[in-house]
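If you want the building blocks of each chain, they are given just below.
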Amino acid sequence: MSKILVIADHDNVAAKKITLNTIDFAKQLIAKKGGSFDIAVIGNGCGSAAAGLTGYGAGAVHVVEHADLAHPLAQGFAKVVADLAKSIGADVVAMSASSLGKDAMPRVAVRLQAGMASDVIGIVDAGGAVAFRRPMWAGNLVGDVVIDTAVQVVTVRSSAFDAIAASGGASPVQSFAADPGASRAKFVRFEGTQSSRPDLTEAAVVVAGGRGLKDRFGPITEPLADLLGGAIGASRAAVDDGFAPNDYQIGQTGKVVAPQLYFAIAISGAVQHLAGMKNSKTIVAINKNADEPIFKVADYGLVADAFTAVPELVSKIKAVRS
Amino acid sequence: MKILVSAKRVSDPNAKLAISGDGKWVEGDVEYVMNYFCENAIECALALAEEHGDVETVALGVGESDETGRFVRQGALARGIDRGIVVSADEAIIDSDLIARVYQKIVEKESPDLVLIGKQSVDGDSNQVGQLLAEYLDWPQATFASKVEIKGDQIEVTREVDGGLEVVALSMPCVITADLRLNEPRFASLAGIMKAKKKPLDEYELDDLDLGDAAPKVRIAKMTTPSGRKAGVLVKDVDDLVAKLRGEARVI
Ligand SMILES: Cc1cc2nc3c(=O)[nH]c(=O)nc-3n(C[C@@H](O)[C@H](O)[C@H](O)COP(=O)(O)OP(=O)(O)OC[C@H]3O[C@@H](n4cnc5c(N)ncnc54)[C@H](O)[C@@H]3O)c2cc1C
Ligand SMILES: Cc1cc2nc3c(=O)[nH]c(=O)nc-3n(C[C@H](O)[C@H](O)[C@H](O)COP(=O)(O)OP(=O)(O)OC[C@H]3O[C@@H](n4cnc5c(N)ncnc54)[C@H](O)[C@@H]3O)c2cc1C
Numbered sequence: 001m002s003k004i005l006v007i008a009d010h011d012n013v014a015a016k017k018i019t020l021n022t023i024d025f026a027k028q029l030i031a032k033k034g035g036s037f038d039i040a041v042i043g044n045g046c047g048s049a050a051a052g053l054t055g056y057g058a059g060a061v062h063v064v065e066h067a068d069l070a071h072p073l074a075q076g077f078a079k080v081v082a083d084l085a086k087s088i089g090a091d092v093v094a095m096s097a098s099s100l101g102k103d104a105m106p107r108v109a110v111r112l113q114a115g116m117a118s119d120v121i122g123i124v125d126a127g128g129a130v131a132f133r134r135p136m137w138a139g140n141l142v143g144d145v146v147i148d149t150a151v152q153v154v155t156v157r158s159s160a161f162d163a164i165a166a167s168g169g170a171s172p173v174q175s176f177a178a179d180p181g182a183s184r185a186k187f188v189r190f191e192g193t194q195s196s197r198p199d200l201t202e203a204a205v206v207v208a209g210g211r212g213l214k215d216r217f218g219p220i221t222e223p224l225a226d227l228l229g230g231a232i233g234a235s236r237a238a239v240d241d242g243f244a245p246n247d248y249q250i251g252q253t254g255k256v257v258a259p260q261l262y263f264a265i266a267i268s269g270a271v272q273h274l275a276g277m278k279n280s281k282t283i284v285a286i287n288k289n290a291d292e293p294i295f296k297v298a299d300y301g302l303v304a305d306a307f308t309a310v311p312e313l314v315s316k317i318k319a320v321r322s
Numbered sequence: 001m002k003i004l005v006s007a008k009r010v011s012d013p014n015a016k017l018a019i020s021g022d023g024k025w026v027e028g029d030v031e032y033v034m035n036y037f038c039e040n041a042i043e044c045a046l047a048l049a050e051e052h053g054d055v056e057t058v059a060l061g062v063g064e065s066d067e068t069g070r071f072v073r074q075g076a077l078a079r080g081i082d083r084g085i086v087v088s089a090d091e092a093i094i095d096s097d098l099i100a101r102v103y104q105k106i107v108e109k110e111s112p113d114l115v116l117i118g119k120q121s122v123d124g125d126s127n128q129v130g131q132l133l134a135e136y137l138d139w140p141q142a143t144f145a146s147k148v149e150i151k152g153d154q155i156e157v158t159r160e161v162d163g164g165l166e167v168v169a170l171s172m173p174c175v176i177t178a179d180l181r182l183n184e185p186r187f188a189s190l191a192g193i194m195k196a197k198k199k200p201l202d203e204y205e206l207d208d209l210d211l212g213d214a215a216p217k218v219r220i221a222k223m224t225t226p227s228g229r230k231a232g233v234l235v236k237d238v239d240d241l242v243a244k245l246r247g248e249a250r251v252i
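If you're matching them up, the sequences are chains V and A in order.
Just so we're aligned, residue 1 is where the first sequence starts under the working numbering, counting upward by one.
Just so we're aligned, residue 1 is where the second sequence starts under the working numbering, counting upward by one.
Think of the hints as simulated: they come from the structure by calculation, not from any bench.
Misleading hints may appear alongside valid ones.
Claimed, not checked - The calculated label-pair distances, taken between Cβ atoms and stated as ranges, are:
| id | chain 1 | residue 1 | chain 2 | residue 2 | range |
| --- | --- | --- | --- | --- | --- |
| 1 | A | S227 | V | K316 | 25 to 35 Å |
| 2 | A | V30 | V | A204 | 36 to 46 Å |
| 3 | V | E202 | A | D208 | 42 to 52 Å |
| 4 | V | A290 | A | I150 | 46 to 56 Å |
| 5 | A | D207 | V | E202 | 43 to 53 Å |
Nothing here was measured: the structure is a model prediction, and the numbers come from that model.
Backbone N, C-alpha and C fix where the C-beta goes; we use that ideal spot for every residue, glycine too.
All chains, full assembly: derive it from the sequences and hints.
Structure follows, in structure tokens:
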């Protein structure tokens with residue numbers, strides 16, 4: 001029997017969809033080991049985000065608020081998570097492998113004397129023990145990891161689990177007194193990327209551009225993304241060269257996505273890029289060089305100059321739809 | 001000021017990987033390279049030393065002693081790091097947690113003001129050691145750094161996070177983990193390689209460090225190669241692509 005604590009990702013107003021993938025992880029683990037799960041919503045003025053999570057079958061939704069958690073930093077956030085986990089007797093603590101999850105969860109593990117598995121993509125059996133499957137070497141290999149401590153901490157790769165639908169019921173909302181403690185780290189500012197498009201990790205369509213698009217990255221990717229209601233992503237090279245902001249990056253060191261439809265436009269298909277998109281349902285590659293490795297993973301490959309092919313694609317999709 | 005930096009070897013991620021006989025790691029008979037993120041950490045330490053003067057830089061590698069020593073010398077000391085420390089350990093049984101506890105012991109001996117570590121290893125991809133260490137030390141941290149600036153007694157770090165960039169200010173001592181856009185790592189010069197041969201390299205055994213329980217907390221039960229994706233078809237032109245996306249894949 002397990003008592004799992006799911007840490008929600010949210011913006012204080014509402015939970016992010018990736019929280020639902022973490023809940024799916026918790027439910028799959030319960031199906032293997034038995035037990036129950038609680039959810040924690042940690043922030044400042046985050047009551048509405050907590051209220052939105054009461055329909056998923058959690059034993060309780062804990063609301064943990066403190067002025068210092070408005071822009072949570074790892075040290076204080078981890079202390080609060082660990083305090084709550086101890087007070088409810090959780091033996092598994094899970095959060096998505098978001099930047100806050102990656103930042104804070106190892107510190108939670110130390111506080112709970114727990115072993116930790118990062119970026120879990122599945123739950124498997126390993127000689128009677130429950131193991132967590134996780135990608136290594138940019139996803140070229142996967143390892144089944146057994147955690148030998150009584151308490152276990154994981155971050156969950158959201159693209160490998162379903163954003164489950166509400167199951168009904170009404171979990172009680174309980175408040176937990178947070179004490180993030182003192183820290184010599186201070187939040188200074190956040191420079192957000194402005195976008196009205198869906199979140200990369202939540203979008204059904206992702207239009208990703210590479211270095212080949214140069215300073216026409218926006219004019220080429222935006223009309224296609226907007227036509228299909230998609231998000232825009234980028235290769236590392238496109239970000240390094242300043243054509244796209246850092247949080248567009250997809251791959252081993254960027255975001256991992258698995259949309260219904262992925263466009264790789266002027267992207268060569270390095271393993272580190274494939275690590276972030278190769279589980280997409282349908283992959284379209286548009287590249288002027290037929291020998292690029294991206295064509296080895298693409299369902300549909302078009303050998304063409306992106307500067308003419310993509311605008312043509314936009315107008316022809318418009319034409320067949322009308 | 002004293003900076004401790006990481007120097008970890010990894011099997012070359014561009015080489016063909018084969019799973020070892022026991023199924024628990026990759027075949028050892030491969031080329032090793034310095035973990036890319038450690039190169040960024042080393043470069044950051046060198047740049048801070050050049051900019052501020054009076055900075056001592058020390059590199060730490062944990063692993064099989066000869067090979068790890070070679071990487072510390074060639075990858076860190078030859079680039080300009082002042083001295084090295086090797087903690088001899090069997091890489092097959094050290095997890096991120098144990099490595100963080102080794103760092104903690106070295107920090108207690110060396111008292112650095114700043115520990116600069118790679119954000120992740122390109123073999124294990126765990127992304128844990130820096131954060132674990134910061135918690136063991138009860139120090140503040142700034143992970144995924146793309147810019148590090150010393151401003152008086154504070155270090156201002158720009159972090160690459162979901163949705164954009166976050167700027168945090170830390171007072172020392174603290175832990176920072178390096179992301180790839182932090183800098184462009186330099187190569188070792190010939191003079192640097194010659195000088196590195198004479199630089200001090202201290203060695204400890206795991207047992208010398210008083211770790212208490214030196215057992216790892218996690219272990220790999222089995223590794224596998226995920227099933228690959230099959231290549232699809234090349235389409236003739238944009239019309240063909242639109243037709244396939246609409247008719248066959250039904251995604252537009
Ligand atoms: C030759 C070799 C054989 C191995 N065999 C096995 C095996 O059989 N089974 C197994 O489970 N694992 C094995 N490992 C991997 C194991 O040693 C991992 O490196 C270790 O578990 C750390 O996890 P991580 O690299 O995922 O850490 P991360 O948390 O991703 O590391 C983060 C950062 O910590 C620093 N760091 C990490 N490790 C070191 C180090 N050793 N020295 C200095 N700094 C470091 C780096 O800066 C790195 O960027 C082997 C590694 C090598 C090089
Ligand atoms: C440790 C590490 C981590 C990394 N992490 C990531 C990561 O997270 N994500 C990532 O993406 N990369 C990552 N990389 C980098 C990766 O190895 C590649 O360098 C990068 O993905 C290349 O980006 P690209 O395909 O845009 O550029 P390039 O490889 O330069 O390819 C440009 C492509 O554009 C095509 N092209 C040019 N002009 C046109 C045109 N007019 N029309 C059509 N096609 C055109 C070219 O044929 C070529 O295929 C990482 C590397 C390392 C070492």
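Hint check results:
{"no.": "1", "hint": "A/S227 to V/K316: 25 to 35 Å", "verdict": "holds, 34 Å"}
{"no.": "2", "hint": "A/V30 to V/A204: 36 to 46 Å", "verdict": "holds, 40 Å"}
{"no.": "3", "hint": "V/E202 to A/D208: 42 to 52 Å", "verdict": "holds, 50 Å"}
{"no.": "4", "hint": "V/A290 to A/I150: 46 to 56 Å", "verdict": "holds, 49 Å"}
{"no.": "5", "hint": "A/D207 to V/E202: 43 to 53 Å", "verdict": "holds, 49 Å"}
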